[in-house]
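Engineer: Got chain V sorted already, so can you dock chain E onto it with the hints?
There are 2 protein chains.
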Amino acid sequence: MVKKFSLSDASFERSPGQEGDIDTANMVDQRHGGPITIGYGRYGPNQELIERMAVDDVMVVLEGKVSVSANGATVTAGPGEIVYMPKGEKVTIRSDEQGAVTAYVTYPHWQEARE
Amino acid sequence: MVKKFSLSDASFERSPGQEGDIDTANMVDQRHGGPITIGYGRYGPNQELIERMAVDDVMVVLEGKVSVSANGATVTAGPGEIVYMPKGEKVTIRSDEQGAVTAYVTYPHWQEARE
Numbered sequence: 001m002v003k004k005f006s007l008s009d010a011s012f013e014r015s016p017g018q019e020g021d022i023d024t025a026n027m028v029d030q031r032h033g034g035p036i037t038i039g040y041g042r043y044g045p046n047q048e049l050i051e052r053m054a055v056d057d058v059m060v061v062l063e064g065k066v067s068v069s070a071n072g073a074t075v076t077a078g079p080g081e082i083v084y085m086p087k088g089e090k091v092t093i094r095s096d097e098q099g100a101v102t103a104y105v106t107y108p109h110w111q112e113a114r115e
Numbered sequence: 001m002v003k004k005f006s007l008s009d010a011s012f013e014r015s016p017g018q019e020g021d022i023d024t025a026n027m028v029d030q031r032h033g034g035p036i037t038i039g040y041g042r043y044g045p046n047q048e049l050i051e052r053m054a055v056d057d058v059m060v061v062l063e064g065k066v067s068v069s070a071n072g073a074t075v076t077a078g079p080g081e082i083v084y085m086p087k088g089e090k091v092t093i094r095s096d097e098q099g100a101v102t103a104y105v106t107y108p109h110w111q112e113a114r115e
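First to last, the sequence lines map onto chains V and E.
In case it helps, this note's numbering puts the first sequence at residues 1 to 115.
In case it helps, this note's numbering puts the second sequence at residues 1 to 115.
This is chain V alone, in the form it adopts within the complex:
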């Protein structure tokens, strides 16, 4: 079934395994029987998240700005820009002073891959 999601539908939860002010809200995931997870992410100001990617993860920045560092290189993305974090990469994700809102798509499901 075709589904539409809005930020106002999102039930945010603290992103697991870290203490920062970073929340995620899966809109589609392993509970729905498809191959991909879809959700919204919300970063408070000046937050940092370090993670080795267990899945392929695409982040579309909707508000604010996010920088992603990996292997000594850093990219910074604002509204309408996309960051692709392939499985296996060790990344550091940082928000700036304005925080950020993102949409994400992962293959396969990130919650299962982390377990």
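One or more hints might be untrue.
If several chains are the same, the list does not tell them apart, and a pair holds so long as it fits within one copy or across any two.
[Stated by the list, open to error] Below, computed lysine-lysine pairings styled on DSS-like, alpha-carbon distance capped at 30 Å:
no. : residue 1 : residue 2
1   : Lys87     : Lys65
2   : Lys87     : Lys3
3   : Lys4      : Lys65
4   : Lys65     : Lys90
5   : Lys65     : Lys3
6   : Lys4      : Lys87
It should be emphasised that the hints constitute simulated quantities derived from the structure, not laboratory data.
Structural biologist: Below, chain E alone, put in the same frame as chain V:
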């Protein structure tokens, strides 16, 4: 490798198999060795595209408005909203008078699935 994409990096091509003013620009696809395709879509005003989904497709609306009809139901999405079109669905995608820009992620690669 982590990669960042902007709309200004996109090389748009006419979306295959249809005559409307609808263009796509894959930024990541089967050429890059990963499991997913990532790209930008651009719809002129009042365009229509009818398709049976060969892949799972997630569309994030960046500008304008897109409506998607399937099985007699229609959803309409604007900036920051997400439409999920699962594999197997027959969908009609329409832009309104302002046209639209979207980001998309498909699993697996849509160009291969259509061949």
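Engineer: None of the hints should be skipped; say for each whether it holds.
Structural biologist: Here's how the hints hold up against the structure:
1. Lys87 - Lys65: within (22 Å within a copy, 32 Å between copies)
2. Lys87 - Lys3: both (26 Å within a copy, 12 Å between copies)
3. Lys4 - Lys65: This pair counts as both: shortest intra-copy Cα distance 24 Å, inter-copy 12 Å.
4. Lys65 - Lys90: This pair counts as within: shortest intra-copy Cα distance 20 Å, inter-copy 36 Å.
5. Lys65 - Lys3: Both: 27 Å inside a chain and 15 Å across chains, each within 30 Å.
6. Lys4 - Lys87: both (27 Å within a copy, 15 Å between copies)
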